[in-house]
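Enquirer: Chains as they are written, first to last, in this note's numbering: chain L, 1 to 671; chain Y, 672 to 926.
Keep in mind the hints are simulated off the structure, nothing from the lab. Computed from a prediction, not measured in an experiment: that's the story for all the values here. Fair warning: there could be bad hints in the mix.
Said to hold, decoys possible - With a Cα cut of at most 25 angstroms, we get these calculated SDA-like pairs of lysine to any residue: (1) L:397 to L:382; (2) L:563 to Y:722; (3) L:537 to Y:766; (4) Y:766 to L:309.
Unchecked claim - Label pairs and their calculated CB-CB ranges: (5) Y:697 to L:142: 34 to 44 angstroms; (6) L:421 to Y:718: 49 to 59 angstroms; (7) Y:769 to L:667: 56 to 66 angstroms; (8) Y:813 to L:359: 34 to 44 angstroms; (9) Y:885 to L:388: 34 to 44 angstroms; (10) L:420 to Y:769: 23 to 33 angstroms; (11) L:493 to Y:885: 53 to 63 angstroms; (12) Y:725 to L:138: 49 to 59 angstroms.
Claimed, not checked - With the Cβ distance kept under 8 angstroms, some of the chain L side facing chain Y (calculated, not the full set): (13) 326; (14) 329; (15) 441; (16) 527; (17) 533; (18) 584.
Yeah, the Cβ is synthetic: ideal placement off N, Cα and C, and Gly gets one too.
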Amino acid sequence: MAKLDAKIPKGPIKDKWTNHKNHINVVNPANKRLIDVIVVGTGLAGGSAAASLAEMGYNVKSFCFQDSPRRAHSIAAQGGINAAKNYQNDGDSTYRLFYDTVKGGDYRSREANVYRLAEVSTNIIDQCVAQGVPFAREYGGLLDNRSFGGVLVSRTFYAKGQTGQQLLLGAYSAMSRQIGKGKIKMYNRHEMMDLVIVDGKARGIISRNLITGEIARHSAHAVVIASGGYGNVFFLSTNAMGSNTSAAWKIHKKGAFFANPCYTQIHPTCIPRSGDYQSKLTLMSESLRNDGRIWVPKNMKDVEAIRAGRIKPIDIKAEDRDYYLERRYPAFGNLVPRDVASRAAKERCDAGYGVNATGEAVYLDFASAIMRYGKEKAIIIHEPKASEARIQELGKKVIEDKYGNLFQMYEKITDDNPYETPMQIYPAVHYTMGGVWVDYNLMTTIPGCYAAGEANFSDHGANRLGASALMQGLADGYFVLPYTIGDYLASDIRTGEVSTSSPEFDEAEKAVKDRLNFFINNKGTKSVDHFHKRLGKVMWDKVGMSRNAQGLKEASDEIRIIKEEFWKDVMVPGDLNEFNQELEKAGRVADFLELGELFAKDALNRNESCGGHFREESVEPDGEQKGEAKRDDINFKYTAAWEWKGDSKDAELHKEELTFNDIELKQRSYK
Amino acid sequence: MTKNGMNLTLKVWRQKSDKDKGQIETYQVNDISEHMSFLEMMDTMNEQLISAGKEPVAFDHDCREGICGSCSLFINGEAHGPDRGVTTCQLHMRKFKDGDTIYIEPWRSKAFPVIKDLVVDRTGFDRIMSAGGFISVNTSGNTQDANSIPIAKDDADHAFDAATCIGCGACVATCKNASAMLFVSAKVSQLALLPQGKIEAKDRVLNMVEQMDAEGFGSCTNTGACEVECPKGISLDNIARMNREFMGASITSDK
Numbered sequence: 001m002a003k004l005d006a007k008i009p010k011g012p013i014k015d016k017w018t019n020h021k022n023h024i025n026v027v028n029p030a031n032k033r034l035i036d037v038i039v040v041g042t043g044l045a046g047g048s049a050a051a052s053l054a055e056m057g058y059n060v061k062s063f064c065f066q067d068s069p070r071r072a073h074s075i076a077a078q079g080g081i082n083a084a085k086n087y088q089n090d091g092d093s094t095y096r097l098f099y100d101t102v103k104g105g106d107y108r109s110r111e112a113n114v115y116r117l118a119e120v121s122t123n124i125i126d127q128c129v130a131q132g133v134p135f136a137r138e139y140g141g142l143l144d145n146r147s148f149g150g151v152l153v154s155r156t157f158y159a160k161g162q163t164g165q166q167l168l169l170g171a172y173s174a175m176s177r178q179i180g181k182g183k184i185k186m187y188n189r190h191e192m193m194d195l196v197i198v199d200g201k202a203r204g205i206i207s208r209n210l211i212t213g214e215i216a217r218h219s220a221h222a223v224v225i226a227s228g229g230y231g232n233v234f235f236l237s238t239n240a241m242g243s244n245t246s247a248a249w250k251i252h253k254k255g256a257f258f259a260n261p262c263y264t265q266i267h268p269t270c271i272p273r274s275g276d277y278q279s280k281l282t283l284m285s286e287s288l289r290n291d292g293r294i295w296v297p298k299n300m301k302d303v304e305a306i307r308a309g310r311i312k313p314i315d316i317k318a319e320d321r322d323y324y325l326e327r328r329y330p331a332f333g334n335l336v337p338r339d340v341a342s343r344a345a346k347e348r349c350d351a352g353y354g355v356n357a358t359g360e361a362v363y364l365d366f367a368s369a370i371m372r373y374g375k376e377k378a379i380i381i382h383e384p385k386a387s388e389a390r391i392q393e394l395g396k397k398v399i400e401d402k403y404g405n406l407f408q409m410y411e412k413i414t415d416d417n418p419y420e421t422p423m424q425i426y427p428a429v430h431y432t433m434g435g436v437w438v439d440y441n442l443m444t445t446i447p448g449c450y451a452a453g454e455a456n457f458s459d460h461g462a463n464r465l466g467a468s469a470l471m472q473g474l475a476d477g478y479f480v481l482p483y484t485i486g487d488y489l490a491s492d493i494r495t496g497e498v499s500t501s502s503p504e505f506d507e508a509e510k511a512v513k514d515r516l517n518f519f520i521n522n523k524g525t526k527s528v529d530h531f532h533k534r535l536g537k538v539m540w541d542k543v544g545m546s547r548n549a550q551g552l553k554e555a556s557d558e559i560r561i562i563k564e565e566f567w568k569d570v571m572v573p574g575d576l577n578e579f580n581q582e583l584e585k586a587g588r589v590a591d592f593l594e595l596g597e598l599f600a601k602d603a604l605n606r607n608e609s610c611g612g613h614f615r616e617e618s619v620e621p622d623g624e625q626k627g628e629a630k631r632d633d634i635n636f637k638y639t640a641a642w643e644w645k646g647d648s649k650d651a652e653l654h655k656e657e658l659t660f661n662d663i664e665l666k667q668r669s670y671k
Numbered sequence: 672m673t674k675n676g677m678n679l680t681l682k683v684w685r686q687k688s689d690k691d692k693g694q695i696e697t698y699q700v701n702d703i704s705e706h707m708s709f710l711e712m713m714d715t716m717n718e719q720l721i722s723a724g725k726e727p728v729a730f731d732h733d734c735r736e737g738i739c740g741s742c743s744l745f746i747n748g749e750a751h752g753p754d755r756g757v758t759t760c761q762l763h764m765r766k767f768k769d770g771d772t773i774y775i776e777p778w779r780s781k782a783f784p785v786i787k788d789l790v791v792d793r794t795g796f797d798r799i800m801s802a803g804g805f806i807s808v809n810t811s812g813n814t815q816d817a818n819s820i821p822i823a824k825d826d827a828d829h830a831f832d833a834a835t836c837i838g839c840g841a842c843v844a845t846c847k848n849a850s851a852m853l854f855v856s857a858k859v860s861q862l863a864l865l866p867q868g869k870i871e872a873k874d875r876v877l878n879m880v881e882q883m884d885a886e887g888f889g890s891c892t893n894t895g896a897c898e899v900e901c902p903k904g905i906s907l908d909n910i911a912r913m914n915r916e917f918m919g920a921s922i923t924s925d926k
């Protein structure tokens, strides 16, 4: 495909990144001072990129819509970050992390990118420890690890259930140092409204000051979009309320291809929804599956009794419980990858075994782990004759040390004590593997415009493994982008400061202002949330965990109807030039409506099941894998990169064929 | 506790901008479920206002799971409301009862000027961080192996406990002096407890405290209210540690 060149370096996979770094262009330190880079988003990818680029000497302008860069939604990542350190001596290696990630992504990611990710993973841990990130440690003072789904080694570094917080605060502190030095100019409470392209290159953005409403022009020699994923297209997700796709969508409409929008991660362990007023869903970390066992009752009479409140889950005997993941996937058990665990939960609930009033909940039970840890602890503290109550007490303490904040969070939301009764969980939208198409250098199809972290599509294929998002965000920002961007900027050292007084900036600014004016003056009858909720319902019902051609076509039609009504009837109160949260939301939902349609179109096009994308038409008909997702490598071994053609329905498909030289393509089995 | 359908009277601070004087407005919300979070109750109120053609109440919120530190409401005279160990977004309506009147105000502090309604400007915290809340290490693929410096588990755990501060500002809002000592001391402690942070420890504490004073935060008089209201349970021990660090640095620093 002429338009899509992934620019993968030649040579053996293990040498590609090293060779590439050795041969790409470098900007000399004196010239870096003459070059401006805009970074949109301050999560793990954007924050680490901004800090690293500023340390290197570039002038960085950093933008976030939150009131502080420290509040980007990476902060909420709980469980951990993977790295092939092999500190546990369980045979981990760069290759094994690479292999697990490609397999976990159901063979829909780009080998070279994933290998590089595995390669730099170890540097991330070193870097973070040097910054003062307080990872969990063992009594000998060395770093501790735990396991996550879809792998057979312990390679996950963590800081209780707040790993994302600690890593983000590390990146934020690195940013703060550069802000203090004046090398990063920080624009918090600013939203990127559009990208400005001059002579075919990304040369700046239009921003809106969310406090005053001021529209401003910012020029640069390169623009990095690190604005996160688009899970909020479902309205309900584990994303933050402000998480949005607008920066990524704006560059898409200016020429950046959007890849694999249908690859969405539905996370298996979230707190079930409780009512129509629900504004978001809360994740319970996958790390809990290290110690929690997932089950539903085996017998329908027990399900009914539980729903009627006649019995409690702890009253159900072990032999009357269906530990369905252990039953179906003995090799990986409760630690199967997220897509597999989510579908298995849906399968049981669809069959009628859901354990709450809505029928959409399964149990995550820590009773066995509490006893196991309690017995271990009793031996260590020389209490061989400890009573069962004492063992439970000791075990609960161990569980509290590991997951205390998660248990507390659960209790505050549900009013149930998970130390005494199993948690109720159900899958929810969590992460989007799809995103802006980028080449090996993380450059989009717009020269000088880069995408990093969850905003790009590059490393997770059709399903992301646990503890890999933090790894990818920081890899992109600390160790990939700072090198690759220099290769591009090396040819820009004579450009000088980019002027904002050009017709391109005039035009972009006018379009932004026109749209904002439209919202304020539309004076419709329905709130922005009204449309967002309707969009979310269509997405969840027809483009959610399980998809079919009929439903996807209906979804496209329904989204178009909502979109039309939105533009006719949306009501945005307040004024332009003030702090106006409804106006912010209106722009974001307008973009979600367009993305949602492309999402459904991509899901319809991909007539195979792979990773988080499950097409009911494509399942294994028989054999040991009967009923499992069936990939179609003959017809769909490609990345679908969509080009904007004026409307989502007219988007043009470009294919990046995926080649697998270092990993054999196989049916993914966790049995 | 009622099962569902609480009717509540809300007394909400409305202020158009930092130049406006502001006043309490009264709103009625009905049929509020006990399972709602406090912010979902606020959403319901705002939907009502929008339907009535009025401007909704502005308030900061984002992750709605107690970790981003955006939400910042003073509810019935308490930062983050009546529950303990939670942020406003984790507060649930089961803590209230039918017929209650709830006062909802922004953080009050000279160093946190009101932007609009319940939204305040907390960028003073960012400036304190820029003054020294970091370890000066550049990004490099060649830092030493993460396990080359073992760190005693107790130190690592205490550093972690301090590092869990979410920067919400409840400590400042709660303190009768509007002191930011709990916030600043949490970062100073985290980094002072780790071998990597000890090298710059003196400059760090001096610079951060200087900036803290410049921002207009008040002094600490050891009342301890901040610790009680902190949603993350950041301990007063951190303030004691920062005082030691500050004293030591003041006496021995060359600057």
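Enquirer: Taking the numbered hints from earlier one at a time, note which ones the structure violates and give those numbers from smallest to largest.
Expert: Of the numbered hints given earlier, those the structure breaks are 3, 5, 6, 8, 9, 11, 13, 14, 15, 17, 18, listed in rising order.
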